[in-house]
Amino acid sequence: MKHLDEYRDKKIAQSLVKEIQNRSKQKIRIMEVCGGHTMAIRKYGIHNLLPGTVELLSGPGCPVCVTNRSFIDKAIEYSRQADTIITTYGDLMRVPGTETSLLKEKARGADVRIVYSTLESIKLAEENPEKTVIFLGIGFETTTPSTAVAVLEAKKKELKNFLVLSAHKLMPPAMSALIEEGTQIDGYIGPGHVSTIAGSKIYLPLVEKYNIAVAISGFEPVDILQSVLMLVEQIENRKPSVEIQYARAVTYEGNVKAQEMVDSCFEPCIDSWRGIGAIPGSGLKLKKEFSAFDAEVRIPLDIKEKPEPKACLCGSILKGMNKPTDCKLFRKTCTPENPVGACMVSSEGTCAAYYKFQE
Amino acid sequence: MCLSVPAKIVKIEGDIAQASIGGSIIDVGLQLIEKVEIGDYVLVHTGFALEKIDEKEAKETLEMLNDMVEEDPEDMIAYIEI
Ligand code: SF4
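Protein chains in written order, with our numbering: chain C, 1 to 359; chain V, 1001 to 1082.
Any given hint could be a false lead.
Straight-line alpha carbon distances no greater than 27 Å define the calculated DSS-like cross-link-like pairs of lysine-lysine that follow [to be verified]: (1) K123(C) <-> K332(C); (2) K1059(V) <-> K10(C); (3) K1011(V) <-> K156(C); (4) K1056(V) <-> K11(C); (5) K123(C) <-> K1056(V); (6) K310(C) <-> K287(C); (7) K157(C) <-> K1035(V); (8) K25(C) <-> K209(C); (9) K123(C) <-> K1011(V); (10) K156(C) <-> K1056(V); (11) K356(C) <-> K1059(V); (12) K1035(V) <-> K155(C); (13) K239(C) <-> K201(C); (14) K1056(V) <-> K25(C); (15) K1059(V) <-> K123(C); (16) K1059(V) <-> K257(C); (17) K157(C) <-> K1059(V); (18) K257(C) <-> K1052(V); (19) K1035(V) <-> K10(C); (20) K11(C) <-> K1059(V); (21) K1011(V) <-> K201(C); (22) K10(C) <-> K1056(V); (23) K1035(V) <-> K201(C); (24) K123(C) <-> K1035(V); (25) K323(C) <-> K1008(V).
Honestly, the hints are just simulated from the structure, not real lab data.
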């Protein structure tokens, strides 16, 4: 096993870069679909180390960025109802809905609380039996198991006042959708911790169907460079496959116990991705047996989807068709303090990563 | 929010452990993994342990995360000097 000095080692990085230069003949486009990778690539300037033949694109890898505007609108509507506590991960607070954000609503008196874990929401529900606690479930394969634990816990404790508004999403359907939509991608840098849970097996259908190369990567510079080299080799040799570079935390099967917990309470559904649109089978909703915990079943709302602000390019940035620097609002009207689009909110968002690391 | 942080298990009570992340103690749900013991390192994501990892990996990841949240990027290009 390699150790930190090796992941940072100048010589190893250098030789990987050389090897990539030697091996890379044809022009290729590689997309990362994990916000952690976006941050690391920008921070270490990895995109600038690669030969002109290899272009890196950022995809829809930040759960906050792809959360639909109407989801925020729904959460805000719930927060305005009497005796309701909204619980959420902090990242979601500043995401702009159509007119306002959860943070602004909180300042106006709504009971919106940041939780660090779903179990805190369960505790809140137990301590406040006269109130309804609605947890905003966002995130990909990595995060959904936490919500599943909470739902199973609420069922065991027979809680009547714990609900989930789910915007949980699955990564592979979005990776397919981008290719179907015509974004030209030759290889994916596979998301690290999504794969820790779901296993490398989830990308096999992509390789079979689209002949696309996949390398699941860790987060160190050397990890990412090695993954890029794996992708270059796969593409040059015309042998696309799913390789695991991040073997320290990823297996073929993934975390089966976590997968079973998710499968016991969630099922796939069509879901809308901010800026991308509806993708069949890309969302997760609670199964019928668990509808007592489903906010949308228990307290239905009529919220229509509204278009994104015109000038915001988030949609095509998430699809790898534009860079943040193509956006007229970037750095001017739109900043992390005052985000116009969701990509500027979370530090893992593409616009925020470009902003922070001086692009 | 997709990143996971390594932590060392210091106390276990049923499904909940106390774990130390760089000195601070947090509660970590153990519902998603099998068999953990005091002294084990785990990857923690939104308050739950996702996988066991070894101690070296844990320390490296922590260092990297500390680095990543730092304000000023140390540019790899200057660093690699190709
Ligand atoms: S800079 Fe702001 S407005 Fe422009 S695409 Fe990014 S998030 Fe949208």
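Against the structure, the hints come out as follows:
For the given pair, K123(C) sits about 42 Å from K332(C) by alpha-carbon distance, which is inconsistent with the 27 Å threshold. Annotation: proposed proximity of K1059(V) to K10(C) holds, straight-line Cα distance about 20 Å (limit 27 Å). Using a Cα cut-off of 27 Å, the hinted pair K1011(V) and K156(C) holds, with the two alpha carbons roughly 24 Å apart. At most 27 Å may separate the alpha-carbon atoms for a hinted pair to count; K1056(V) and K11(C) meet this at roughly 21 Å.
At roughly 34 Å between alpha-carbon atoms, K123(C) and K1056(V) are farther apart than 27 Å, so this suggested pair is violated. Between K310(C) and K287(C) the CA atoms are separated by roughly 36 Å; this puts the pair beyond 27 Å, and the hint is violated. Restraint check for K157(C) and K1035(V): the C-alpha separation of about 24 Å stays at or below 27 Å, so the hint holds. Straight-line distance between C-alpha atoms of K25(C) and K209(C) comes to about 24 Å, which keeps the hinted pair within the 27 Å bound.
In summary, the hint linking K123(C) to K1011(V) is supported, as the alpha carbons are separated by about 20 Å, within the 27 Å threshold. For the hint linking K156(C) to K1056(V), the alpha-carbon distance of about 38 Å lies beyond 27 Å, and the restraint is violated. Taking the CA atoms of K356(C) and K1059(V), the gap is near 25 Å; set against the 27 Å cutoff, the hint holds. With a C-alpha separation of about 24 Å, the suggested pairing of K1035(V) with K155(C) holds against the 27 Å cut-off.
Annotation: proposed proximity of K239(C) to K201(C) holds, straight-line Cα distance about 17 Å (limit 27 Å). For a cut-off of 27 Å, the pair hint linking K1056(V) to K25(C) is broken: about 37 Å separates their Cα positions. Only pairs whose Cα atoms come within 27 Å are accepted, and K1059(V) paired with K123(C) is rejected, the gap being roughly 31 Å. Proposed proximity of K1059(V) and K257(C) is supported: the alpha carbons are some 26 Å apart, at most 27 Å.
For the given pair, K157(C) sits about 37 Å from K1059(V) by alpha-carbon distance, which is inconsistent with the 27 Å threshold. As the CA atoms of K257(C) and K1052(V) are separated by approximately 13 Å, the hinted pair is consistent with the 27 Å bound. A distance of roughly 38 Å separates the Cα atoms of K1035(V) and K10(C); the hinted pair therefore is violated under the 27 Å criterion. Distance check on the hinted pair: K11(C) and K1059(V) sit about 22 Å apart at the alpha-carbon level, within 27 Å; holds.
With a CA separation close to 34 Å, the supplied pair K1011(V) and K201(C) exceeds the 27 Å bound. Restraint check for K10(C) and K1056(V): the C-alpha separation of about 20 Å stays at or below 27 Å, so the hint holds. Of the pairs offered as hints, the one joining K1035(V) and K201(C) holds, with about 24 Å between alpha carbons and a cut-off of 27 Å not exceeded. For the hint linking K123(C) to K1035(V), the alpha-carbon distance of about 25 Å falls within 27 Å, and the restraint holds.
For the hint linking K323(C) to K1008(V), the alpha-carbon distance of about 39 Å lies beyond 27 Å, and the restraint is violated.
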